[in-house]
Amino acid sequence: MEHQQALLPEVTFQHHTSDEDFKKRVRKTTIILSVITLIELAIGLTIYTMHKGEHPNAFLVLAFKGIVCILTLAKAYYIVSVFMHLGDEIRNMIMTIVVPLMLFIWFIAAFLIDGNSYKNLRNDYDPHYKQQTTETKAKPAEEPEHKSGKE
Amino acid sequence: MATSVTATQTKWWNGGKSPFNLEYGKVMMWYFLMSDAFTFGAFLISYGTVRFSSNSWPDANHVFNAFPLAHGINLPLAFVSLMTFILIISSVTMVLAVHAGHNGDKKGVVKWIFWTIIGGLAFLSCQAWEWTHLHEEGAWWGSNPFPNANGTVASTNFSNFFFTITGFHGFHVFSGVIINIIMLIMAQKGVFDRKGHYLMIEKAGLYWHFVDLVWVFVFLCFYLI
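These protein sequences, in sequence, are chains W and A.
Here the first sequence is numbered in the numbering used here, starting from 1 and rising by one per residue.
Here the second sequence is numbered in the numbering used here, starting from 1 and rising by one per residue.
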């Protein structure tokens, strides 16, 4: 380790994790990631069975999707913090990565709201578009134009 | 070494040392990954925008329900879960390779990098199978045979976004595998032993974990919600 110190003069101190602690931590994180993925799959299959029903409860579907998003963020946290060791770095390093990523809060909100607004405007002012994309009866009229690659 | 004391008492911005307490190359790898996160973010957000602006969208569970050697059996989410687990496991083997590098354990590095490469190749093979299968069903850039969830004819947006984003991610996995193969050869030849440190393995590791991280979000956006 002293040897490594001399090779990297800009690094003030090195982290050192004992093999025992390291193994424990990696095992724990692997289990957490796998369990979260399994929960996500369970929720995904729940949404699938709900969609098969006649009238899926829109709010419940949305709630499940929200839970899956939060679980995904938890997975991202564990990957970045433990596997990429960002959690072990000094505060300066954590901040130089995390603060710019805050831009995503605006990025996601602004563009999804924009997309939603475009949908509402089109539904309000373009009755043909609304009919075409919401009523299944409009399908036969579309069939000759529709090019499908399916044999 | 009392690391916590050093961390609080050091004047990080006085010069003569890295204010991030990391070697230059590793900091730059982090900044590259941050910019790459914005690239993927922009792709996924544009997908979200288009999806939010559509009255209906194809149901992922009806599109991705096939599994190799299981013809005609409806298995939603099964194949993509396999791919997700392959990537998680290959991330774990990469963590083990990086740790072996910390200890200067050449044999350990070679062994774990090798398994990481196998995991990456397994993931790429799965993706190749999935693309081939979808292509046989008639999906490709500019052609989408899958109807919207409400029964109307879907636009080609769905397949365009799917192939572009999983393709871009697959390309990252591919370059990650190439980088790992180079790391394997360099470690085997003793390049890092001569240098005295295995920092290159750590940087390759950061890239590989990032690929796994992106997949977590691709999995969320295309298959789960």
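Think of the hints as simulated: they come from the structure by calculation, not from any bench.
Certain hints may be false.
[To be verified] Capping the alpha-carbon separation at 25 Å, the derived lysine-lysine pairs in DSS-like fashion look like this:
id: 1; chain 1: A; residue 1: K111; chain 2: A; residue 2: K11
id: 2; chain 1: A; residue 1: K107; chain 2: A; residue 2: K26
id: 3; chain 1: W; residue 1: K23; chain 2: A; residue 2: K11
id: 4; chain 1: W; residue 1: K24; chain 2: A; residue 2: K17
id: 5; chain 1: A; residue 1: K189; chain 2: W; residue 2: K24
id: 6; chain 1: W; residue 1: K52; chain 2: W; residue 2: K65
id: 7; chain 1: W; residue 1: K28; chain 2: A; residue 2: K11
id: 8; chain 1: A; residue 1: K11; chain 2: A; residue 2: K107
id: 9; chain 1: W; residue 1: K23; chain 2: A; residue 2: K106
id: 10; chain 1: A; residue 1: K26; chain 2: A; residue 2: K189
id: 11; chain 1: A; residue 1: K189; chain 2: A; residue 2: K203
id: 12; chain 1: A; residue 1: K111; chain 2: W; residue 2: K28
id: 13; chain 1: W; residue 1: K28; chain 2: A; residue 2: K189
id: 14; chain 1: A; residue 1: K26; chain 2: A; residue 2: K11
id: 15; chain 1: W; residue 1: K24; chain 2: A; residue 2: K195
id: 16; chain 1: A; residue 1: K189; chain 2: W; residue 2: K119
id: 17; chain 1: W; residue 1: K23; chain 2: A; residue 2: K17
id: 18; chain 1: A; residue 1: K17; chain 2: A; residue 2: K189
id: 19; chain 1: W; residue 1: K24; chain 2: A; residue 2: K11
id: 20; chain 1: A; residue 1: K11; chain 2: A; residue 2: K189
Now for the hints, and whether the structure bears them out:
Distance check on the hinted pair: A:K111 and A:K11 sit about 40 Å apart at the alpha-carbon level, beyond 25 Å; violated. Using a Cα cut-off of 25 Å, the hinted pair A:K107 and A:K26 holds, with the two alpha carbons roughly 23 Å apart. Distance check on the hinted pair: W:K23 and A:K11 sit about 33 Å apart at the alpha-carbon level, beyond 25 Å; violated. Among the hinted pairs, W:K24 with A:K17 is inconsistent with the structure: their alpha-carbon atoms are about 32 Å apart, more than 25 Å.
In summary, the hint linking A:K189 to W:K24 is not supported, as the alpha carbons are separated by about 31 Å, beyond the 25 Å threshold. Simply put, W:K52 and W:K65 have alpha-carbon atoms about 16 Å apart, close enough for the 25 Å limit, and the pair holds. A threshold of 25 Å between alpha carbons decides the hint, and for W:K28 with A:K11 the separation of about 35 Å lies outside it, so the pair is violated. The straight-line distance between the Cα atoms of A:K11 and A:K107 is roughly 39 Å, outside the 25 Å bound, and the hint therefore fails.
Straight-line distance between C-alpha atoms of W:K23 and A:K106 comes to about 18 Å, which keeps the hinted pair within the 25 Å bound. Pair hint A:K26 plus A:K189 holds up; C-alpha atoms about 22 Å apart against a cutoff of 25 Å. Of the pairs offered as hints, the one joining A:K189 and A:K203 holds, with about 18 Å between alpha carbons and a cut-off of 25 Å not exceeded. For the hint pairing A:K111 with W:K28, the CA-to-CA distance comes to about 22 Å; that is within 25 Å, so the pair holds.
About 33 Å separates the Cα atoms of W:K28 and A:K189, which puts this hinted pair outside 25 Å; it is violated. Restraint check for A:K26 and A:K11: satisfied, since their Cα atoms lie roughly 21 Å apart, inside the 25 Å limit. Note on W:K24 and A:K195: the hinted pairing is violated, with a Cα-Cα distance of about 30 Å set against a maximum of 25 Å. With a C-alpha separation of about 58 Å, the suggested pairing of A:K189 with W:K119 is violated against the 25 Å cut-off.
Between W:K23 and A:K17 the alpha-carbon distance is near 31 Å, which puts this suggested pair outside the 25 Å criterion. Among the hinted pairs, A:K17 with A:K189 is inconsistent with the structure: their alpha-carbon atoms are about 31 Å apart, more than 25 Å. Between W:K24 and A:K11 the CA atoms are separated by roughly 33 Å; this puts the pair beyond 25 Å, and the hint is violated. Of the pairs offered as hints, the one joining A:K11 and A:K189 is violated, with about 40 Å between alpha carbons and a cut-off of 25 Å exceeded.
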